[in-house]
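Colleague: Those sequence lines, one after another, are chains A and B.
Take the first sequence: its position 87, counted from the start at 1, is 87 in the working numbering, and no numbers get skipped.
Counting the second sequence from 1 gives a position; the working numbering is that position plus 1000.
Errors might be hidden in some of the hints.
The list that follows gives simulated cross-link-like pairs (lysine to any residue, SDA-like), each with its CA atoms no further than 25 Å apart [claimed, not checked]:
(1) A:Lys96 - B:Ala1248
(2) A:Lys96 - B:Ala1320
(3) A:Lys96 - B:Pro1272
(4) A:Lys96 - B:Thr1353
(5) B:Lys1492 - B:Ala1248
Which chain A residues face chain B? A few, computed with CB under 10 Å, are given here [stated by the list, open to error]:
(6) Ala17
(7) Leu76
(8) Val80
(9) Ala88
(10) Ala92
(11) Arg99
According to the in silico footprint, chain A covers these stretches of chain B (three or more CB under 8 Å from chain A) [to be verified]:
(12) 1017-1023
(13) 1156-1166
(14) 1314-1327
Calculated from the structure, these hints are not laboratory results.
Where is the CB? At the ideal position from N, CA and C, for every residue including glycine.
Here is how the chains run, residue by residue.
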Amino acid sequence: MAETLTPADVRRIATLARLELTPEEVALFAEQLTAILAYADQVQQVDTSGLALTNAGIPGSEPLRATRDDDLVPSLPRDVVLEQAPDADRTAGVFKVPRVLGS
Amino acid sequence: MSIPEHVSEIRAAVVSRQMSAVDICRAALDRIRQHDERIHAFLHVDERGALARAERLDREGGNAADLPLLGVPIAVKDNICKAGVPTTAASRLLERYVPPYSATVVSRLERAGAVIVGKTNCDEFAMGSSTEHSAFGPTRNPWALDRSPGGSSGGSVAAVAAAMVPLALGSDTGGSIRQPASLCGVVGLKPTYGRVSRYGLIAFGSSLDQIGPIARTARDAAALFNAIAGHDPNDSTSADAPVQEYGAALTGDARGLRIGVPRTLLEHGVEPGVRKAFEHGLAALVEAGASITDIALPHASLSIPVYYLVANAEASSNLARYDGVRYGTRVIGTRATDPAKARSEDGAEQMDTLTQMYYRTRALFGAEAKRRIMIGTFVLSAGYYDAYYAKAQQVRALIGRDFEQAFSRVDLVALPTSPTVAFKLGERTADPLQMYLSDVFTVAANLAGLPAISVPCGLSDGLPVGLQVTGRPFEEATLLRVADALERRTAKLRPDAGSL
């Protein structure tokens, strides 16, 4: 059941991922992604009946060791974080983005 | 001035004041200056920061017993954050990013007295097997400058192989420490998943990523591993298992260890010279007291397709954060290749300026990152999730089960790290599938969460070959012991000084 990805499929996936592709990339990816998925098709042939979807690959992870007490701990100061932003209003303490409404 | 070769000697020289930390640091910086124009192992050399740090170590001293890496220069892969030092993950999207915090491994190294000299080149977001997918140009293999050092931790490995630094940190999602270590003739360890904190590691495949040591010897790798292993409350997948003194495990022999070799995996695609060096390495391990048994890993041949489904699904989620809003590069404005056209064909609404910004910004991803985001997005999309992602996770569990069964009969599993020696730059970039096959023997350890080490076992056509040993969870000490035993029985590998 290998998938053949058409240029339209590639553009649809690119939209889901908010990726801008050139027409050349669309053509190239249609070909390469089809080849990669065809290669991955052998995974589909494996009998996995009765196998649960667990934390495969995480030794000693059952139960997951992710819990902790819900204690308040300090995080990075807001100014330090905003320092990294391409655009921010420090006084208001917000990230700035291009206008969304009324554009 | 040249610096001693081994970590323990460097530390001893600084402790005894025979050399200062500044002397050592300057020697490393000189060597980087001398060679890195040709090799391009580093994306950023933090000369000022490193010297200031070395000066402080010389001035303040401190209790040497608490500083196991006192004065030791270390290079850090550029997908690991160090506060105040540029960290780009070799991507245009993080070209000007200066992290406000340090990765746990970086803080631990500094607490151990190490001097971080710079950030090393890698494939963009650690996605690749050749370091050619760096947005800032490839790294060259110190053994042959027209060849790739492997990847994705190619810069870290090349810096160690060219003796610019004795130690470096890499990260390994599908072989990114071990494959380049093999191709450049150094030791590289991928720890058990959860053994080393991922806090401050720029995420690629979160269920697979581990940070690990790169060194010229197993003993040096153990010294670095000692410093970084252990539980970290900032990483919820970090293991709360006891850490041992790894150097103490190096007995110089492999007595009593049962090593399994899945021979059927060697039948296809392994270069004869690699195979020969691998057999030579096995013979040396027998001489060291190990026994060799044939084993089967029936699902291991599915590792590559499973890996590229699982890793790319995780990658597409992890890379969704690069949107130009909170940090990293932002691109606004319109361009000729406007994806609005593609969207309107799908009947989507016209793009607002914010959405445009997302597209413009994310156009900065390189070809390989885009390819992986595309595959990952597809396999997670409605209608395909069960067929691809869920199925791959189930087969992943079967691969893990194969190892569990093998470990009831043997203590370790050995394979060549890479089926080939270092390949020429440009040779594999046109064919992503061929590039992915570079990792055919390394990805299973990531899928199963197991520790694995690559140690040099000889040369083929004058290029290094690595032998990979995979062990039970949290048995890194045994891997380091075997690597050390092999090292003592094989000729020391050094790149020809002429090529440097």
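Colleague: For every hint, state whether the structure bears it out.
Modeller: Hint-by-hint comparison with the structure:
no. : hint                  : in the structure
1   : A:Lys96 - B:Ala1248   : violated (54 Å)
2   : A:Lys96 - B:Ala1320   : holds (19 Å)
3   : A:Lys96 - B:Pro1272   : violated (58 Å)
4   : A:Lys96 - B:Thr1353   : holds (13 Å)
5   : B:Lys1492 - B:Ala1248 : holds (22 Å)
6   : Ala17                 : holds (4 Å)
7   : Leu76                 : holds (6 Å)
8   : Val80                 : holds (5 Å)
9   : Ala88                 : holds (9 Å)
10  : Ala92                 : violated (15 Å)
11  : Arg99                 : holds (6 Å)
12  : 1017-1023             : violated (count 0)
13  : 1156-1166             : violated (count 0)
14  : 1314-1327             : holds (count 7)
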